[in-house]
Each structure stands twice: as C-alpha cells, then as structure tokens.
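Order-wise, the sequence lines are chains C and S. Just so we're aligned, residue 1 is where the first sequence starts under our numbering, counting upward by one. Just so we're aligned, residue 398 is where the second sequence starts under our numbering, counting upward by one.
If you're looking for bench data, these hints aren't it; they were derived computationally from the structure. Be a bit skeptical, because a hint or two may be false.
[Said to hold, decoys possible] Covered, in the sense of this in silico footprint (three residues per stretch, anywhere, with C-beta under 8 angstroms from a C-beta of chain C), are these stretches of chain S:
#1 640–652
#2 826–834
#3 880–890
[Unchecked claim] The calculated lysine-lysine pairs, modelled on DSS-like cross-linking and capped at a C-alpha distance of 25 angstroms, are:
#4 K49/C with K384/C
#5 K750/S with K780/S
#6 K466/S with K39/C
#7 K780/S with K50/C
#8 K756/S with K718/S
#9 K519/S with K465/S
#10 K865/S with K232/C
#11 K151/C with K756/S
#12 K49/C with K648/S
#13 K71/C with K718/S
#14 K152/C with K718/S
#15 K465/S with K71/C
#16 K300/C with K648/S
#17 K465/S with K438/S
#18 K71/C with K120/C
#19 K791/S with K816/S
All residues carry an ideal CB built from backbone N, CA and C; glycine is no exception.
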Amino acid sequence: MGKKSIILKSSISGLLLAIIILLLFTGVAPIENYENNPKLNSNCPPGFKKNADNHCVALNLYMQYDSPNDKGVGGLQTGLPEIRDGFSPQVIDLGRYLFFDPVLSGNGTMSCATCHDPTKGFSDGLATSIGNHNQKLKRAAPSLWNVAYLKKFYWDGRATSLEEQMQGPLFSKDEMNNTPENLLKTLNNITAYKQLFVEAFPEKNKKSSIELNQVYTAIAAFESSLISLNSKYDRYAHGYHEALNQQEIEGMNVFRSFVARCAECHTPPLFTNQQFAVIGTPEPDGLPLDPGAEMPFKDKTLRGAFKVPSLRNIEKTAPYMHSGNFKTLRETVQFYTDGRGHAIPENENLIIHWHIWNPDLSDAELDRLVDFLKTLTDETFTPKIPEKLPSGQKPTL
Amino acid sequence: MKSTFFKIIVAILLLAIGVYLGKSFFSSPEVNTVPMPSTIKYRNIGISNDTTQVAQSIGFNGKIIEVKKGASIQKAVEEANPGDLIRVYPGTYSENVFIDKDNIGLQGVVIDGEWPTLDGKKEINDAFLYSGNGILIENFKIINYKGNGIMGQAGNNFIIRNNWIIDAGVYGIFPQYGKNGLIEHNVLSIIADAAIYVGMCDNVDVRHNEVFDNVAGIEIENSRHCLVENNYAHDNTGGLLAFITPGLPIKTTFDVILRNNFVVNNNHENFGAPGSTVSGIPAGTGILIMAADDVIVENNIVTGNNNTGITIVDLATGDPKANDLNTEGNPDRVVILDNIMFDNGNDPTGEIKAIMLSKMDTKGPDIFAYGGGTGSTIRDKNKYRTFGLDGYGKAQITDTRDIPTMMTPSPVQPRSVSKEELGELTYYGVCAGCHAFGTRLIGPPMEIIQAIHHDNPQGIVDYINNPKNLREDYPEMPPQDYLSNDAKMAVAIYILGLKE
C-alpha cells in the first residue's frame, strides 16, 4: 500500500516536472534556473487547513466555544476574536522569504526579522529596537505571535491593518530606510523573486513587475500564520486541569482576581482586550514621557495610552513595556502593585485607567503571577527560517 | 374481648404516632430536610404565555458532596462533576473557591441561623470565581474579601441567590461576560464599589435584592437586556445605575428596565477607590443613567435622595475617562413611566448644585437630564420637578407588564461541534504542528500513521496517551493525554479518514 502510493506519487511528480521542463523550453515562461531556486510550499502552515480554493483557513480548539457578542473576550472556554486568514500557502511562504530578507531595507542590512526574531518571541530582546545606522529607536518591537487576531497595530494603535503597519518600518528613515521605488526596483531585479511572485499570485501576468501591494500581502500573510494557542494554560482551559501545577493555578487565580485585575485588560483567550489603556509606566532613565496614542488620535485624554499587548509567549519577549523599562516579568508585575500613578512625571496629568489601583499584592502573589505568565508559552508552530533566500542573501536576524 | 384488644392496638398506635410527631416537631431540624435548590425554569419553550407549566429545567441530578466545618469547599469542587451539588454546612471557610467546570451547584445550608461563612480575612482576593456555565451559588455569607464576593468570567445560565455579603472589597456580585442569569434575594452592604455589578452581560434579571451602605447599589454596565426589579436600594452613594464605561471591549448598554424598586435615601458619603468609575458619583444619587440607551424607569419609589432622584447624562458630562472612538456616549430613548418621587434634591452637590443655583433653585430636581441624547420620553412630566427635560416627548407606552423577564426563553446552549469537526479542529490545531500528509515535518507523515493504525482509531488513541518511540530517525512524541477523550477519539478517526 505504502510502496504503491510512493511509486504513484513519484510518477505523478515526475510527470509534473516533465511538464514544467517542457513549458520552460517551449518558452511559455521566461524562467531560468528554476530548479536552483526554492519553490513555494503548497501546504498550509500548522494551524491552517487548505480548502478547495487553495486558501488556508485557521482551525484550533477554541473554535469549540462561543464568544460573548463575538468580541473574543471572556473566560477559559471562550472563542477567539475574528481572525485574518484565507491566504494561499504559496503567498504565506513567499511572505516568509521576504520577512527574513535584508534586501527589503535601504542598505540591505535589515530584515523584518531583525526586530521580530523568531528565536526571541518575534521581538528582539532589546528595550527599544536598533534602527538604521545603529540608532536607538523610541519603542520596543512588539511580538508578532497571533497578530492575525489583532485589529490595531503599533503600540499607539495608529494602523488598522498589517499592510498599513509594515510601511512604517519599511520606509522610515530611522528604521529600514527604504523607499517604495527602491524596494520595487530591488525585487524586480531578482529573477527568483519574479518567479516566486508569479507562483504566489497566479492571476498575475507573468511578464508584469512585482507590485507593492503583493509584497505587503505576502508579508501580512506570513505574519498572520504565526499562531500560538497550545500552551500549558490552553490545556487547562480546554479542561485538563492537571496541566498546571499548584503554584501556576494560584498564579492564574491572582491573575483573574479582582484584586490584581490582570485579566480585565489582558482578557483570555488572547490575553488582550485590544483596547487602549493609560497605565503610567516609567520611561527608562533620561527619556521623556512617550505620549502614546495622544499623537495619532490628537486626543489629550489618550496621553500616555498604549494598546494592551497580548501576553502569549510573554516569557520570551523581555524586556517589557513600550520602552522596555522592566527587565523581568517579576519587575513588571511589581509595577502594578507599587501604587496608582506612582511613576508619572511630576508635570504630567494622565488619566490613569480605572483598573490601575493599589492592589497590595504580596511578594508570594507576584511570584505566582510570574509562574502563571510562563504557562502562556507555546512556540510549537514556529516557522522555519529559510536556509537560503531568493535574493541570494543570508536570512538576517 | 375483641374490641378491648382492638382498643389497645389503637392506643399503642396513637402513642407511636404521638412520639413520632413530637420528635418531628420539637427536635432540632434534621439535615436531610435540606431542599434541593430551585433552578431556572424555562416556561415558554413551545408553550403559550398563558400557562405556568415548566417546559424545561436543568437540576442537579448528580451526586451530592457535603462539606462540613474544617473541610475545604475547593476540594469538593475538584471532586465534582457536571450535575453535582456541593452542600456546605455552617462553619467558617477562609478560601478562594474557583469553579472551572460546568453545571455545578454550591448550596449553603443555614442551620438555626448559623451560616456557612466565607471569610477572606482581608487577605484573600475573591470568595467565588467561576468560569463554567450553569453555576448556582446560594445561601452563603461572604465577608472581608479584598476583591469580589462572587465573580463570574464568561459563565452562562447562572443563579446567584440568597447570599449575604458584607464588605467583600470591590464588588459583591459581579458576573462578567455572562448570558442569561438570575441574581435574586441577596443582601449586600459596605462594598466600596458596586454591590451588584452586571458587567458586559446579556439577559440578566436582578430581583428582590437589598443593597445598602455601598458606594453603588446595583450597576448595569455595558450590558444589554437586563431587568432590575423589586430591589431595595437604600443608603448607598448611588442607588441604581445603568451606564456605559468607555474603553471596554463590549461597548453598549441598552434595553434595560428599572422597575418596582425602592430607591431611598442614597446619601452615603462616597468611599470609592480613587480613579474608580463610581468614585465620581455624587452622594445623593437615586438613579443614574449614563450613555445607556432604551432604559425604562417604571413604578419605582424614589425618595430622599439628596442630590437628584434620577440623573440622565452623556459620557462627556458624566465620566472623566480617556475617550473611546468606538463608544457612542449619548443616552438615547430613555423612557420615564409612572414613578413615585418626592423629597429628592434636598442637599445638591457639585455641578448640579451650581446648575440649579443658576436657575435660582437651591434644591436638586427629581429628574435631571444634561448633555446629548435623542428620542427620550416621559409619561407625566408635570408630576416631577425636572431639569433639562424640555426635549422629552410623551411616552408611547404606559407600562412594561408584557415583559415578565429579560432572561432567555431557553438555556443558552454551548456551541455545538460535531465529532467530525472536533477531530478536524484537533488535527489542525494541535497535530499539524508536527505531522502533515505527504511530507515529513517533525513526526512521520500521516499516510504512515494511517498504514500502521488502519481501521483502528483506538490504536491511535492509545499511542496519543502513551507514545512509544517506534523509529530511530524520529524524535519521541510527547504524550497528548491532555486532550479530552472525545477529542482523542475524534482526531484518531479524522486522521484515518484523511485523504490529502
């Protein structure tokens, strides 16, 4: 049975190969050295099922549950928010190559993965990221795990789609310092990319150039494939209460208690309610207060407001907060019990969120909170870093 | 002779009956007289409204687990399965009870005035915390907690009843993200925020409760389809509240009826925590409607509230919080029907005092409306002393007698997932991290597994529970025994049926 199917498969793939070679030589596609280049994966990433239309549809155990008012917030057995899915496996895989490729930056030294490194929780381990010419940027790189469920992007929430968001770092002088024109020029000069874009976007005219929106779509597709929903916590949530030990359960109960109130904003199952909150964290020494959402929304009541980040894989993304002021999770949870507004600069008058209060948590409770936060780690669906890139460059982290 | 014998028999019999009756009447109550808790009755499924016949009721038909003084309620919860009833006898229990299971009843047994008491000693966070559906919590005394007395996080079909809650910290009873619930006959006092707080819920009845000496009595916040009826809210800072808090993920409050309540002398000094929503409520607030839509205020007795009887404001006026672009902050289509209101506004404070003084009035009004909102109406405006009701038209309805409850006509059912779907969700959500069809990821390709376990899903289940490394060139699979038995079998069948 097994042997038979392998034989069958080999003959089918042999046939396909023959057809492709035939096509090459009959001149239908001006493709050279095709075999030397990576071809795109035709399977969906883990967590997705390929449907008849070649779309990858997200599937996970949280789809067993309802979600109140379809907002994807609630308790243990609550459905997730609406996900951005439906990309083809080829587009996702193309996005993977682009994501790791330093040719996307102006001087060819940075890729998306420089600041969103899969080995560092899709962040970079820095308080604030390092941009073009080694300059220190103003904010920490947010993790990309589960971004497919998010409705706004950046710490200050100023973008409403991944496509919109990625144009920030790509074309900022302080970050990847590219221009749309130069990016297109670079990619269109790489034959392998031209071939892959044709493969990923079959409706595309084979002779036409790579377009910006195709670049954005592919990267967004890859980012949307980064799913982390199989942590120890999730096993507990689905009903296997032995998944967490006594200390972790105590931590979970502190987390969702109305004393610590963590779950009021970091609401399961995504561990964010996707709202803005002014919590008044301190900036690292010497830095002025970051006005956060006040600037893009031109609204003084949002001064110091940031998007509530998801806590999934939070163990992997130290240091913490928008400018990385806290080195450890323990320091971070300590902040919440040191008093409402204790770190606000003297001349500032922030409208601190009502859940920030004086919970008076004990050291033991703070330790247990850290124990619990570490149960939110799951990197089983981490994608492979490409061994080589269509540009011939090495993947840059 | 015969008749003498008969008489003796009868006499002995009567004596026996007498002794039995005497014992039953005068002895201390036997514990086996504890009645089963009454659960939600769904009368109207497929039946007309003319009958009181119960069409459906889900009781606790499993085992009864008894918890007596010195034992742990949480231990009993761990032991319990859906359908079980946990009976807690008088005694003091200092613990945080959390219920992450469905259909569990927790019933206190009060004997001779002695209550099962949960005492947080001002050290423990919450008394009861549940995430399951179909949870019942009744007959508990809850004191001295730091957080909440009873908190729900996304449980549907809940009953919280007959509890006596004193100084439970922030909220007394706080179901959050729940649909279809009943909160009745609870007595709550000395709570620094809301005694009863229905937050981001739908279809909840709050009935026959007494709330006093709290900052807020009963609060319906970012919730829809709620009935607040027959409650006695007195001596709080604010009595009854229906409003929207901006910045929460569920952003509306509408379809709320405040009916047949006593809202009396709510003049308590505000002792809410700085920054909390209720810390801004002026003492002397009877009813507050902020940004909520379609609120009906009917047949309440609203007296002796020193600021105003009813305050209706928009968010911009009422709540100094960070703006939320996705929240509509005007109270629209408020309906004031018949209410008895007098003796309100005797000592107005803050903005209302200033506004009334500008009108040459030193008293606060019965009804005060300020800020945006359209479509509001009132049945008999002349009856009350009002401010800001010029735009209110005449009410189009006279009463809400046709709405006996806001609870759902049948239980909220959990989402139903077929076995095939469960198998698919498990396969792609879990297994696909290491296995695929036609290619090797971390584990062997699916067609190899199919060949090994051909027609034998149980073989896959056994392997999932207790993997044995069969191949040198593959890493050992970690056990996936955390999956439910249903999920294991479903995914085994799914795997065997995979074609590509």
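Hint-by-hint comparison with the structure:
Remark: the segment 640–652 of chain S is confirmed as covered by chain C, as 5 of its residues place a Cβ nearer than 8 angstroms to a Cβ of that chain, reaching the required three. Counting residues of the segment 826–834 of chain S whose beta carbon lies closer than 8 angstroms to any beta carbon of chain C gives 6, which reaches the threshold of three, so the coverage claim holds. Coverage of the segment 880–890 of chain S by chain C holds in this model, with 3 residues showing a Cβ closer than 8 angstroms to a Cβ of that chain against a need of three. About 18 angstroms separates the Cα atoms of K49/C and K384/C, which keeps this hinted pair within 25 angstroms; it holds.
Among the hinted pairs, K750/S with K780/S is consistent with the structure: their alpha-carbon atoms are about 22 angstroms apart, no more than 25 angstroms. At most 25 angstroms may separate the alpha-carbon atoms for a hinted pair to count; K466/S and K39/C exceed this at roughly 69 angstroms. For the proposed pair K780/S and K50/C, the alpha carbon gap of about 67 angstroms is over 25 angstroms, so the pair is violated. The straight-line distance between the Cα atoms of K756/S and K718/S is roughly 29 angstroms, outside the 25 angstroms bound, and the hint therefore fails.
Under the criterion of a C-alpha separation no larger than 25 angstroms, the hint pairing K519/S with K465/S is consistent with the structure, at around 23 angstroms. Of the pairs offered as hints, the one joining K865/S and K232/C holds, with about 22 angstroms between alpha carbons and a cut-off of 25 angstroms not exceeded. Note on K151/C and K756/S: the hinted pairing is violated, with a Cα-Cα distance of about 48 angstroms set against a maximum of 25 angstroms. Proximity of K49/C to K648/S is assessed by CA-CA distance (about 33 angstroms); at most 25 angstroms being required, the pair is judged violated.
Taking the CA atoms of K71/C and K718/S, the gap is near 22 angstroms; set against the 25 angstroms cutoff, the hint holds. Restraint check: the Cα-Cα separation between K152/C and K718/S comes to about 21 angstroms, which is no more than 25 angstroms; the hinted pair holds. Between the alpha carbons of K465/S and K71/C the distance comes to roughly 41 angstroms, so the proposed pair goes past 25 angstroms and is violated. With a CA separation close to 21 angstroms, the supplied pair K300/C and K648/S stays within the 25 angstroms bound.
Between K465/S and K438/S the alpha-carbon distance is near 30 angstroms, which puts this suggested pair outside the 25 angstroms criterion. As the CA atoms of K71/C and K120/C are separated by approximately 29 angstroms, the hinted pair breaks the 25 angstroms bound. Between K791/S and K816/S, the direct Cα distance comes to roughly 55 angstroms. Violation of the 25 angstroms bound is thereby established for this hinted pair.
Checked against the numbered hints above, the structure breaks hints 6, 7, 8, 11, 12, 15, 17, 18, 19 and satisfies the rest.
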